[in-house]
Amino acid sequence: MAWIASTLVAIAAAVSCSGERATLGLEEPIRVRATFKEGPLPGASPTTLDGGPAALPTVTAYESASTVVRPGQAGKVLSGRTTPGAVAVAVRFADLGSGYWVLPVGGPDPQNGGELVWQADADFGIGLPPGLHPLRVVAIDALGNAGTQRDLGLCVTAAIADNLNACNPTRNPPAAVISLSWDVPADLDLVVVGPSGRVIDAKHPRTEADAGADAGDAGAAVGVIDRDSNAGCRADGLARESLVFQRAPATGSYFVYVNLFDACGKGPAHFRASLVEAQLRADGVTQVPVETLVRTGTLLPAEANGGARLGTFVFEIPFP
Amino acid sequence: MRPLHAVCTLAACLILGLSAVARADGDDLEIPAATGVSDAALDAAPVTDAGASSSAAAQVSPAVPPPNATFDGGADAAAPDATVADAAAAGEGFVRAGIEPSLTSGVSGPFGLVFSGYIQGQFETSRLSEDQVLQGQVPANQDRFLVRRGRLRVDRNFQWAQTTLEIDGNTTRGLAFGLRRAEASFVYRNPDKGAPPYVRVTAGLTEIPFGYEMTDSARSRYFMERSTGSLALFPGEPDVGVRVSGGISFFRYSLAYMNGEPVDDRPGRSVRDPNAAKDLIARVGVDVAPRPALHVTGGVSFLTGRGFHPGKDATKADVAWRDLNENDVIDPGELTAVPAAAATPSESFGRFALGADLQVSLTTRLGETRLYGEVFAAQNADRGLFVADPVASGSNVRELGWYLGILQEVTRYGIVGFRVDVYNPDADLFDTRVGKRVPASATIRTYSPLVGIKLPDRLRVLFQYDAIVDSLGRNNVGVPSDLANDQMTLRVQGEL
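Going line by line, the protein sequences match chains A and B.
Counting with our numbering, you get residues 1 to 320 for the letters of the first sequence.
Counting with our numbering, you get residues 1001 to 1496 for the letters of the second sequence.
What the hints contain is simulated information worked out from the structure, not anything from laboratory work.
Just so we're clear, the structure is a prediction, and the values are computed from it rather than from any experiment.
Don't take each hint at face value.
[Stated by the list, open to error] Here are the in silico distance ranges between beta carbons for each label pair:
1. B:Lys1312 to A:Pro129: 41 to 49 Å
2. A:Gly144 to B:Gly1136: 52 to 60 Å
3. A:Pro129 to B:Arg1445: 39 to 47 Å
4. B:Pro1339 to A:Glu63: 28 to 36 Å
5. A:Gly127 to B:Asn1475: 24 to 32 Å
6. B:Gln1142 to A:Pro320: 55 to 63 Å
7. B:Lys1312 to A:Glu63: 30 to 38 Å
8. B:Asn1475 to A:Ser79: 21 to 29 Å
9. A:Gly127 to B:Ser1441: 38 to 46 Å
[To be verified] Output of the computed footprint for chain B on chain A, the stretches with three or more beta carbons under 8 Å from beta carbons of chain B:
10. 61-68
11. 96-104
12. 135-147
13. 257-269
C-beta: ideal position from N, C-alpha, C; glycine also.
Input sequences plus hints: build the corresponding full structure.
This is the structure we're talking about:
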């Protein structure tokens, strides 16, 4: 029996551990409807002066409707063309992730000399770090040879509004942002009671009722809640609301509450409330957003009240 | 049409060849109850329809021992328990099937009922497993413990009738309980002890008589599951309908008229028959024992019926936003009207399958050696894996498959085996390469070595590795290639 078992084990060993690994890639910063391969992107770096042998396939066009990407964004279209010798293109962030995605190229484009077209639908991770990140592609031929890589500089916005400061430090971030995020697709609301006693929430998103274009510079100090996340239990994938002050808020104390409007049939919601303020960098000129206050907590489904109460008090912010 | 031709040729050779060596006294696939006794006596000493115990079979067919009489020790095996031993000694109805050789069939209970059952608990792992959830919150983890089958069966037999009820509980796709078998039969028995009934007419949830694997009990089967092709064509073994089966001499037949919606023991699939058309399934075959230690069975099967392509519901008008410039703001030209759409009608489509099977078992001093295989060709018959829908795809889908398995007993306490099964869910598949359509293969090959130990009629511990070679992955140039999806299973099976 031992030799039979040994033979079977040998057969199993011979045929096992083969095949292409297939991962969902949900932990990757970019997900493309294609095949994921671990490791660095094949081909020569785009900074290589020598473009390599002319016979190698090349990405001749690479474009997207926008170079700004929001963390968690889905369905971003990347497209381009390759030289006719390519059979696939591979794509990954140059500085993020553990591998790349391979997708086959399509048919020839008669308007561009028979170059082969390609298109990828890309989703981006919710934890994508803000800032500039080159998204790199390379063409691959049937023998697996890759040509020179090509970059598309993407600006990844911050989860909390920063006026694209992460990509362009010369742009100042908002003076202050009170932000609330949570972990389940329930309808939580950020509720802030301002110094005047005005209640600011998703239904009343401004700190002052009529401030705006007519208010001049004073209007810029008006805080606005950016969205009603998961309103009506329609999950938006963000689960975050922020009260954004582009200029310094009016002096006084702001009382911050978190209210469970609707549990949406989910379990306890773990939330995180924070205050982010603009502070000067070392150069004394440009600003950077810094998280200065954080509180976390949990709301039970039984606390859902449909907006009948302010909710759970989180912290008080005394703006000078 | 070459595969169909091959199947027909194989079937013809099988019947002609085996007929020449057929012997009537080898008919021991099923052993009826003590023939000629009254219903009252049968009521007091019921039998199952599963066949005969080693002891009973040895008594009724001394010239030719049942094919598996020594598979687990056969007549020499210790009686599983007092109740069973008493029943067997009295020549009463503790029975078991020829195809279910190693396991106790049941225990006689009150009111003439016979109870039986088994539990399969296992640990399985797959190279596809990930600690993630798929869209819809379905876990992608496949490394887990589970109860694959937990079955309890009750039988009652009379002179002219037979009733069976079997329920199944498992955690394969969450905790689930369901009906596995519920059948009532009229039985016209063969007066020869050991022979199958001339006619058995069964109605209810019962076996689909196509090929060998479909009627091979999961309780006695050593390999963890049926072959890939069988699972694709038949997501579950039973279906609801009527079946006529029986045997005369070496000849075996079975004809069924069923819903055409096999009942999967794993929940999640509707079994409500969506169309009026029913499946007609039949198998004819032979069962012979040319030498005392050699047993050969085989047959040909066919299935014909109509599948169902569901229509779509009507939809209301809607507005869709496409963020063309990806600025998270609704700009002119980004709102699109989605007009209301009328419902679309459902359609039925034809499907068929044709198969042949052959099983040979040889008993030696080492133990029993069993070699068996099956081949089939089908059209639009995949209902479980790559579900065939020619209405949606625009063309008929042809499926081909076969398997070959060998099992070798190593004394009464060991078993080793190997099975290779091949399934092609679409023999006319094309792939797109650089904008051109090129022929592609969707064939899935599974190599399954198996090793196990057992306490006859009590317990089994089995380990199986499934090396799966397919074209479901993509290599580093985007071309279809083998996907790393091998899996292994360690199972413990205990008898009730």
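Status of the hints after comparison with the structure:
no., hint, verdict
1, B:Lys1312 to A:Pro129: 41 to 49 Å, "43 Å, holds"
2, A:Gly144 to B:Gly1136: 52 to 60 Å, "35 Å, violated"
3, A:Pro129 to B:Arg1445: 39 to 47 Å, "44 Å, holds"
4, B:Pro1339 to A:Glu63: 28 to 36 Å, "31 Å, holds"
5, A:Gly127 to B:Asn1475: 24 to 32 Å, "29 Å, holds"
6, B:Gln1142 to A:Pro320: 55 to 63 Å, "57 Å, holds"
7, B:Lys1312 to A:Glu63: 30 to 38 Å, "36 Å, holds"
8, B:Asn1475 to A:Ser79: 21 to 29 Å, "23 Å, holds"
9, A:Gly127 to B:Ser1441: 38 to 46 Å, "39 Å, holds"
10, 61-68, "holds (count 4)"
11, 96-104, "holds (count 3)"
12, 135-147, "holds (count 5)"
13, 257-269, "violated (count 0)"
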